[in-house]
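Peer 1: Residue numbers (our numbering): -10 to 349.
Simulated from the structure, these hints should not be mistaken for lab results.
One or more of the hints may lead you astray.
To be verified - Label-pair distances were calculated between CB atoms; the ranges are:
(1) 63 <-> 29: 17 to 27 Å
(2) 223 <-> 84: 42 to 52 Å
(3) 225 <-> 331: 17 to 27 Å
(4) 223 <-> 107: 31 to 41 Å
(5) 331 <-> 120: 46 to 56 Å
(6) 225 <-> 29: 29 to 39 Å
(7) 23 <-> 144: 25 to 35 Å
(8) 313 <-> 23: 39 to 49 Å
(9) 317 <-> 120: 47 to 57 Å
(10) 317 <-> 235: 37 to 47 Å
On a predicted model such as this, the values are computed, not experimentally measured, just so you know.
Quick reminder that beta carbons are idealized off the backbone N, C-alpha and C, glycines included.
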Amino acid sequence: MISNSQQTTDNRQRARIDCSQLIECVPNFSEGRNVETINAIADTIRSVDGVRVLHVDRGEAANRTVITFVGTADAVVEAAFRMVRCAAERIDMRQHQGEHPRIGATDVLPLVPIKNISLEECAALARALAERIYRELGIPTYCYEAAAFRPEHVNLADCRRGEYEGLPDKMLDPVMRPDFGHEYTAQATRSGATVVGARNFLIAVNFNLNTASREVAAAIAARVRASGEVCRDAEGNVVRDEEGRAVRRPGLLRGCKAIGWYIEEYGCAQVSMNINDVHLCPIHTAYETVCRMARELGAEVTGTELIGLIPEDCMIAAGRHFAEKQGHALQEADALIGLAVEAMCMDDLCPFDVSQRVLR
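Build out the structure end to end from the sequences listed, making use of the hints.
Peer 2: The following block contains the structure:
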């Protein structure tokens, strides 16, 4: 989840790739301002035969870039290793500042099964890649989601908790230290840690608000995300159960995570969301729910900022939803997608190029 100030689409690489088997890789890097560094990382990915860079999202305010590329298993894994090495050479985490939670130069590196490969196979590849990154580069690595070795590392937020600054303390914790690399070395000081894993496709999206209040955005996020919010009593104290655990009120949406932040670049607060299950949480449902919660707190949603790509089926489903609400009898896929873009104000911050943003 990042604030995107510029979309750079890879129009240079049109080499044929083997589509009999496809993995998507969506690494997040802790750099969104140095264009030379971002281009170097993207070019490193392109240097591997059998992969194609689909999209580069550069977020200046969050100081974070998301790159989406696809290819065969061996090619994607090799490109992923090379880009981690490039990022470690160019990004010094001791100098990094940004809105988005982060723990390393290559912050998170998920492998996503697309065609003729299973999630379990991607998880095995992720574990081997994580071990290689530590063995050859000396960068501590976590394995998360389907690749996790232990339940405490399944959730990305838990692996990232404390962020880069908290990494030395986490090295001392036998449960929360990285899976590979247990010492805070000079390399770890510079590059931080990398979280490698395997997961299913997700949609990253930010909902823009007509307020600069981070608190309002955070309150909305807490109400809608699947994990909900911590319950508090009349005095503001955390309510705990008999075993001392904080009691949580479930959120309104299933299959999603969300946080609230303020983006100085845009002069507005955002509810930043990862939709992990598009069946449980369609993007139009997320949009309307955030709109409703915003109104209850005296704010309005002014637009929707997609980060990366979105499947065509999700946009068509959103278009049908809004067509029914507005009494339109649209059937054509392009018309439905166009209506979804308009209804959710997906071009609020910058033009929305359907041909480059929608996976067909």
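Peer 1: Taking the earlier hints as the rules, which of them does this structure contradict?
Peer 2: 3, 4 and 6
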